[in-house]
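Colleague: One letter stands for each residue in the lines below.
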Amino acid sequence: MKIVVCVKQVPDIQSERSIADGRMVRGQDDVLNELDENALEAAVTLAEDLGGTVTALTMGPEGAGDALRRALQMGADDAVHVCDDRLAGADAVVTARVLGAAVRRIAGDGPVDLVVTGMATMDGLTSMVPTALATVLGLPAVTLAAEVECDGSTVRITRTIGEATEVYSAPLPALLSVTDQANEPRIPNFRTMMAAKKKPIATWDLGDLGLDDVTPAVAVVRAAPRPPRPAGTIITDTGDGGRRLAAYLLENRLV
Amino acid sequence: MIVQTLVILPGVLTTSHFEVLTAARSLGTVAVVSLGEPDVEVLARFGVDRVHVPDFDGHPLDPAVVADAAAGVIRESRPDAVLLASTFAGKAIAARLAVLFDGGAIVDVTGLRVDGARVIASKSVLAGTWETECEVTRGLPVFAVKPTSFEPVEAPGGAVAVVRVAAELSDAARAVTLEARVPRPESGRPALNEARVVVAGGRGLDGDFSLVEQLADALGGAVGATRVATDEGWIDHSAQIGQTGVTIAPKLYIGAGVSGAVHHTGGMRAAEVIVAINTDSEAPIFELADFGVVGDAAEVLAQAIEALRER
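Protein sequence lines correspond, in order, to chains A and B.
Using numbering that gives the first Met the number 0, you'd call the opening residue of the first sequence number 0 and step up by one each time.
Using numbering that gives the first Met the number 0, you'd call the opening residue of the second sequence number 0 and step up by one each time.
If you're looking for bench data, these hints aren't it; they were derived computationally from the structure.
It is possible that some hints are incorrect.
Here are the simulated lysine to any residue pairs, SDA-like style, with alpha carbons at most 25 Å apart [stated by the list, open to error]:
id	chain 1	residue 1	chain 2	residue 2
1	B	Lys-250	A	Arg-225
2	B	Lys-250	B	Ala-190
3	B	Lys-250	A	Arg-242
4	A	Lys-1	B	Thr-176
Full structure from sequences and hints, please.
Modeller: So, in structure tokens, the structure goes:
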């Protein structure tokens with residue numbers, strides 16, 4: 000079984016994030032998107048259970064290689080970094096087309112059975128790339144999995160988001176996205192970190208993928224930080240905190 | 000410019016769908032793709048002039064299935080823009096349509112305006128700390144509208160034409176099988192993403208959501224929670240507010256025993272009024288709060304509920 004996991008290096012959500020020239024400022028406090036750790040865990044577990052290999056794939060500037068190194072430490076066997084200056088400012092559709100072209104090229108060495116992603120990336124948080132990538136590749140998509148089962152020919156998921164708990168299945172090859180409920184990502188240890196240093200990372204540009212026009216369809220016209228909320232009234236409960244809260248709600252016609 | 004919009008809606012409509020219809024009407028004309036049997040009287044009240052009803056032949060309405068059916072209607076009717084509600088399913092449908100029509104999708108849209116021949120969408124990003132305006136510069140634009148961003152306004156028009164069409168599904172969409180579906184039990188409360196009032200509980204509740212539920216019911220609101228509270232199993236995962244849960248923008252948010260980690264605040268800081276109760280006066284939630292009580296959540300909630308009952 001051959002699995003490709005898509006990962007992304009993103010600005011740390013605990014850091015001061017900003018936008019300049021319509022693009023997110025990157026490269027300062029960047030980390031592996033935390034939701035991709037669930038994707039990696041799901042992929043590595045499946046490869047361990049069923050036999051097979053895991054290739055970590057990312058698209059991003061040079062620093063994005065760090066996300067791949069983390070993926071290799073978590074158990075991916077090899078990695079592909081699509082790196083090209085023309086991809087700065089890519090939207091979800093362009094990202095999906097580039098990742099799709101990379102998956103096809105990876106499949107040149109043997110068919111890819113499963114493409115695994117996280118539920119979203121913490122930078123754009125659009126949740127669009129998994130479905131867009133499945134569409135580009137013409138694959139069935141089972142998304143937002145809280146539980147995953149796979150026997151090597153079918154992938155079955157349980158989705159708990161939405162109005163119901165649902166069980167979906169699809170024949171392989173397929174695209175799978177997992178939520179942060181799906182598993183507890185492993186933490187690399189000294190041995191896996193040393194082993195990761197020997198694992199290969201291939202770097203491809205758009206020419207390697209046979210892509211030329213990667214103009215995004217979505218443009219940011221204006222971006223500005225939201226003004227800070229005016230300081231509120233903070234009281235300490237000395238026995239009447241609940242009554243004062245109720246009074247605040249009534250005075251402000253919030254009831 | 001009058002924008003010809005196509006709105007993707009379920010058969011049974013709730014507030015968030017009326018909001019999308021209102022948003023669409025602010026751009027121009029409104030046609031609908033209805034995923035279930037449409038209520039044409041309701042659609043007429045919101046100024047819809049045509050409703051396309053795909054026959055799914057019993058297929059479960061997975062996002063790929065919905066997008067493929069909508070794609071058939073789009074090819075036929077050639078709208079200028081497609082709108083739908085920004086839910087997890089809505090975002091997936093938007094993504095598939097954007098690829099199929101080599102256009103672009105903007106999700107979590109909080110405002111829309113026409114500027115000459117362009118449609119400009121506003122949305123907040125970076126956990127609600129930045130405001131942006133975006134546009135789709137080529138192909139079909141798809142806008143997923145964030146619930147509670149628009150005030151639903153009726154605008155009765157003429158008769159609604161009903162057009163029944165067969166849904167043409169791709170092999171990839173047909174390949175996904177729904178094996179089981181267990182609906183969530185009805186709480187009788189408004190949906191979390193649509194509610195005008197949300198009372199949320201976190202670690203400081205120590206496992207007991209009963210007072211949060213009582214206050215929510217007293218205010219006619221929904222119940223939400225932090226990641227910790229859902230992970231601990233104190234309340235169903237569907238109640239999770241935050242970047243990986245539900246993003247909300249209610250008129251009133253009350254956080255009880257919520258500290259205000261960025262994972263949670265990214266999902267609620269767009270609330271109009273924020274009220275917080277926490278024992279720790281240094282908790283980051285107080286930086287966002289319009290009104291805060293430093294104290295024990297259970298005691299403050301119990302007294303507030305009693306005071307509201309007495310009024």
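Colleague: Indicate, hint by hint, whether the structure satisfies it.
Modeller: For each hint, the structure was consulted:
Straight-line distance between C-alpha atoms of B/Lys-250 and A/Arg-225 comes to about 18 Å, which keeps the hinted pair within the 25 Å bound. For a cut-off of 25 Å, the pair hint linking B/Lys-250 to B/Ala-190 stands: about 14 Å separates their Cα positions. Distance check on the hinted pair: B/Lys-250 and A/Arg-242 sit about 21 Å apart at the alpha-carbon level, within 25 Å; holds. A C-alpha spacing of about 23 Å is found between A/Lys-1 and B/Thr-176, which places the hinted pair at or below 25 Å, so the restraint holds.
When the structure is compared with the earlier hints, no violation turns up for any of them.
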